[in-house]
Amino acid sequence: DTGVSQDPRHKITKRGQNVTFRCDPISEHNRLYWYRQTLGQGPEFLTYFQNEAQLEKSRLLSDRFSAERPKGSFSTLEIQRTEQGDSAMYLCASSLVGPAIIYFGEGSWLTVV
Amino acid sequence: GQQLNQSPQSMFIQEGEDVSMNCTSSSIFNTWLWYKQDPGEGPVLLIALYKAGELTSNGRLTAQFGITRKDSFLNISASIPSDVGIYFCAGQLKMDSSYKLIFGSGTRLLVRP
Numbered sequence: 001d002t003g004v005s006q007d008p009r010h011k012i013t014k015r016g017q018n019v020t021f022r023c024d025p026i027s028e029h030n031r032l033y034w035y036r037q038t039l040g041q042g043p044e045f046l047t048y049f050q051n052e053a054q055l056e057k058s059r060l061l062s063d064r065f066s067a068e069r070p071k072g073s074f075s076t077l078e079i080q081r082t083e084q085g086d087s088a089m090y091l092c093a094s095s096l097v098g099p100a101i102i103y104f105g106e107g108s109w110l111t112v113v
Numbered sequence: 001g002q003q004l005n006q007s008p009q010s011m012f013i014q015e016g017e018d019v020s021m022n023c024t025s026s027s028i029f030n031t032w033l034w035y036k037q038d039p040g041e042g043p044v045l046l047i048a049l050y051k052a053g054e055l056t057s058n059g060r061l062t063a064q065f066g067i068t069r070k071d072s073f074l075n076i077s078a079s080i081p082s083d084v085g086i087y088f089c090a091g092q093l094k095m096d097s098s099y100k101l102i103f104g105s106g107t108r109l110l111v112r113p
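From first to last, the protein sequence lines stand for chains A and B. If you read the first sequence in this note's numbering, its first letter stands for residue 1, the second for the next number, and so on. If you read the second sequence in this note's numbering, its first letter stands for residue 1, the second for the next number, and so on.
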């Protein structure tokens, strides 16, 4: 399978714990995106990378959130001191540079209890 | 900020019926994309539109990029039970050095066998 893959698919954590999600993009794609989606809503942009550089962060990305793409390949999204409001699906996507089609992974569901 | 108004919010139709949904915005987009999302999964691309006025088909799906570049519609002909899901429109526009993807809030489609 050469699509975008995300791990883990589901995570249940206690409030205050840290969680980390991993994304492996389509191999030739320079850009990697993180989105968040809550029930009944469309995906909302969080941040994106071009190669290893994080070029933009949404206001939705609080200080407790950090994303990395150290070698320009896979990326991690860490949420520190999780809160119940962080419960959502975290979607990773990738694309080529420019006005290219963005392909999504299957998402990582986070439930904070 | 940019917003996409997607309608209808939900549709409950009989198998075999045709379906139409649309998105409008006050912003001009370079590209329109239509995605389908099944429960617990990431969005899957259905159709991409690149030019104003473009009409593109993918099997029973047909989508058009509005002449004003501010709207798009998706039609599904002869619906079948596996068409059930949430359909999202997404408009892509160039902002600074990047291309942002803005999502509508989705149309939930239910098909009665």
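Derived from the structure by calculation, the hints contain no laboratory data. Careful: at least some of the hints might be erroneous.
With a Cα cut of at most 25 Å, we get these calculated DMTMM-like pairs of lysine to aspartate or glutamate [to be verified]:
id	chain 1	residue 1	chain 2	residue 2
1	A	LYS11	A	GLU106
2	A	LYS11	B	ASP38
3	A	LYS14	A	GLU44
4	A	LYS14	A	GLU56
5	A	LYS57	A	GLU28
6	B	LYS94	A	GLU83
7	B	LYS94	A	ASP7
8	B	LYS94	A	GLU52
9	B	LYS51	A	ASP24
10	B	LYS94	A	ASP86
So these bits of chain B aren't anywhere near chain A, every CB distance computed over 12 Å [unchecked claim]:
id	residue
11	ASP18
12	ASP38
13	GLU41
14	THR62
None of these values were measured; they are calculated from a predicted model. Glycine included, each C-beta is placed from N, C-alpha and C at the ideal position.
Against the structure shown, which of the earlier numbered hints fail to hold, in ascending order? Numbers 4, 6, 7, 9, 10, 12, 13, in rising order.
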